[in-house]
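Colleague: From first to last, the protein sequence lines are chains A and B.
The opening position of the first sequence corresponds to residue 88 in the working numbering, with each subsequent residue numbered one higher.
The opening position of the second sequence corresponds to residue 88 in the working numbering, with each subsequent residue numbered one higher.
One thing to keep in mind: the hints can contain errors.
Any copy will do: because identical chains look the same in the list, a pair fits if it lies in one copy or spans two.
[Unchecked claim] As a list, the in silico SDA-like pairs of lysine to any residue whose alpha-carbon atoms are at most 20 Å apart:
#1 K306 - G272
#2 K111 - D234
#3 K162 - R455
#4 K399 - E379
#5 K269 - Q348
#6 K399 - D420
#7 K162 - G471
#8 K426 - P171
#9 K445 - Y360
#10 K399 - R388
#11 K162 - K335
#12 K100 - V292
#13 K202 - Y238
#14 K351 - M383
#15 K351 - S363
#16 K445 - H137
#17 K399 - E170
#18 K335 - S299
#19 K317 - E355
#20 K351 - Y362
#21 K335 - E170
#22 K399 - E380
#23 K444 - L294
None of these hints come from the bench; they were simulated from the model.
What you are looking at is a predicted structure, and each value in this text was computed from that prediction instead of being measured.
What follows is each chain in one-letter form.
2 protein chains.
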Amino acid sequence: MKNSETSKLNIEKAAEFMELPPSKVSELIEKGNLKRNWDEYYDIYRFQGHAPHMEDGTVLIDHHGTFELVRGFPKIKRAMLLEPALLNNFSEISSVAVEEKMNGYNVRVIEFRGKLIAFTRSGHVCPYSTERVQNFLEPDFFREYPDLVVYGEMTGPENPYVQKEAYGIESLDFFVFDIRYKNTGEALPVHHRRELADKYGFNQVRLFGDFSINSASSKIMEIIRELGKKGREGVVIKDPAMVLQPIKYTCSESNCSDLRQAFKFYNEAGRDYLYSRVIREGFQSHEWAESEEDFMERCLRLGESILRPMKKTIEQVESGERISDEFRIRVKDRETIFKYRDYLDRFGLYIALGDIKKIGDEYVAEIRRMNKSTNDKTLAMLEGQLWS
Amino acid sequence: MKNSETSKLNIEKAAEFMELPPSKVSELIEKGNLKRNWDEYYDIYRFQGHAPHMEDGTVLIDHHGTFELVRGFPKIKRAMLLEPALLNNFSEISSVAVEEKMNGYNVRVIEFRGKLIAFTRSGHVCPYSTERVQNFLEPDFFREYPDLVVYGEMTGPENPYVQKEAYGIESLDFFVFDIRYKNTGEALPVHHRRELADKYGFNQVRLFGDFSINSASSKIMEIIRELGKKGREGVVIKDPAMVLQPIKYTCSESNCSDLRQAFKFYNEAGRDYLYSRVIREGFQSHEWAESEEDFMERCLRLGESILRPMKKTIEQVESGERISDEFRIRVKDRETIFKYRDYLDRFGLYIALGDIKKIGDEYVAEIRRMNKSTNDKTLAMLEGQLWS
Chain A
88 MKNSETSKLN IEKAAEFMEL PPSKVSELIE KGNLKRNWDE YYDIYRFQGH APHMEDGTVL
148 IDHHGTFELV RGFPKIKRAM LLEPALLNNF SEISSVAVEE KMNGYNVRVI EFRGKLIAFT
208 RSGHVCPYST ERVQNFLEPD FFREYPDLVV YGEMTGPENP YVQKEAYGIE SLDFFVFDIR
268 YKNTGEALPV HHRRELADKY GFNQVRLFGD FSINSASSKI MEIIRELGKK GREGVVIKDP
328 AMVLQPIKYT CSESNCSDLR QAFKFYNEAG RDYLYSRVIR EGFQSHEWAE SEEDFMERCL
388 RLGESILRPM KKTIEQVESG ERISDEFRIR VKDRETIFKY RDYLDRFGLY IALGDIKKIG
448 DEYVAEIRRM NKSTNDKTLA MLEGQLWS
Chain B
88 MKNSETSKLN IEKAAEFMEL PPSKVSELIE KGNLKRNWDE YYDIYRFQGH APHMEDGTVL
148 IDHHGTFELV RGFPKIKRAM LLEPALLNNF SEISSVAVEE KMNGYNVRVI EFRGKLIAFT
208 RSGHVCPYST ERVQNFLEPD FFREYPDLVV YGEMTGPENP YVQKEAYGIE SLDFFVFDIR
268 YKNTGEALPV HHRRELADKY GFNQVRLFGD FSINSASSKI MEIIRELGKK GREGVVIKDP
328 AMVLQPIKYT CSESNCSDLR QAFKFYNEAG RDYLYSRVIR EGFQSHEWAE SEEDFMERCL
388 RLGESILRPM KKTIEQVESG ERISDEFRIR VKDRETIFKY RDYLDRFGLY IALGDIKKIG
448 DEYVAEIRRM NKSTNDKTLA MLEGQLWS
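Bound conformation, chain A alone (with noise of 0.2 Å):
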């Protein structure tokens, strides 16, 4: 209570700082568009539903005094057809790079008294990320750099999120793919934050190389195919002055990846989703120009993505199994797991924890999240009751 009554945000600071009037800052506190968080946080804030000029999940840092932004990520759009979007939105520039995207969560890292800590796309600490992120980076570059931020994704099998075996990581690992200013959201150029990244010893995002405008297309084909039967994700395709805005563009596999995982929870998975990674495969399918063959292939690999694990599902419920998301944890202090498992627990997401072990100087936690709707309406369904 006392914490609260000390540490509450100076309106009209925060105001001038973020060139915002004082009115409006109470209004986005008062309408939760600005929202503190917990414990040792309760200084950081971040922005939420649609404040203006900020992006989702930016955060707002009061050092009391003085105050500081780690702006939300922006959202990267896809390419449909690859060939016509690069043409159109890279019109002004000869060549652009290409990285590779990775498939797993992305989290910004800044320092913050004394300790690095990890936001997620929200904009929450999140305890699991904050955690890990210290053995991933080399704490001496946010001191060199305290008005930089570091954007990377985290990927590998023991991932709250997305599991992944494509990387050949064993359990975490963090690349960085962008490193911005504070407050702007300025993003360095790509050779530049590479360079300043290897200096530090930070994994980084594979560079495919720089393509001129003309050629990107069939070499990013070419790429596309072979991260396809790696079972990886895809690319994002820069300016490499980062001026303009990067483009994405994914492999089929890895759409129909995220079906296989949503259509396991069938009653879980949104409508939106489906549609999205469908209609990806038909734009696909119609730019690299298939032959009947690769098209049938591609029908096939789609709906089977939908269908077999629907159906696994459906069995496995009627075999008196439920369903349920499991994965792994690995920490080096116990409490986090703890820490972590209520930190879900604020956002309605209930988790069983397993088994806890030591394995070197490190625990892995074996944790499960049931899907009760989907559970439940596979049973309704075996029993007998209608859909609507």
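Got chain A; can you put chain B on it based on the hints?
Modeller: Quick look at chain B alone, frame taken from chain A:
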């Protein structure tokens, strides 16, 4: 203007007839839940948007002193798993009647001021269906049974909504599947209804037979397989006494045919429409205990139903064509063509009238409905715009 005054609804009397408080009826009118028709159907009102205790599309007819209700067609729920659904929903009876569910649009027919009129599902008087139904149903029936409403499916290739060749119909025809009392909506028992319809020479949906509850699911699966091969839709399973609610069940081929039609206009395709059809395939695949080969065939059928029409649309737009929905209607009175166009106009459905040819004593009109949204989106992608 004069007409609107003389035919004003007597709210007190209408309320008394419907057993609602007059204030409720006034409220329904104010809120747009009870809407009057236009022109010669000015004395006909329809319920829309969840009026209490009244199915959507229910029609109130004001005879200036007396009233009648034509109840909306009750939504038929769907079996996802046939056998448990049969056992669970018809446990009180020993056998079910299985009739064909035809693919068209359903209308309700009554006599109004000396002429047959056809209501659509939403309770509008459709000028095309109204003209057509004069040829299909013997008016004596309605004079003999003024308290009955005939429910049936309009199907065939000359159909503005669902063009089907599968029934061997040359133009359009009407198949009775229900006869219900005005006001209460109570249905005639299946065999009584069929005898009555037969007596007046009405076309009827096919009755596959009455099956004991225990043998019904295997019998229906056989029927569904056969119907699927012929490109037909499915069945409705009924309590012969029409006391318990009927259940519908459809063929995989029909789901896929729906998707093929929808994904031609992929940018207009509903997310829920896609999702629901995919889900049906998953459950059917499970219940039918398919071989791996049959399962893969189903996956391919599903994927192809989505991707092939979409791919074709993109190709067409790229080649400079624009996609559109094309169909024909056939009428006796040339005026009906224009009345029907104006009728669609009221719903914001704009059509382009093409050639009108005289064939025998009838007029055949070519109609095109442009799908601006899919054309525009496809063009935008071909020009290199990004998805979002």
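Colleague: Broken hints, numbered, in rising order?
Modeller: Checked against the structure, the hints that fail are numbers 1, 2, 3, 5, 6, 8, 9, 12, 16, 19 and 23, while the rest are satisfied.
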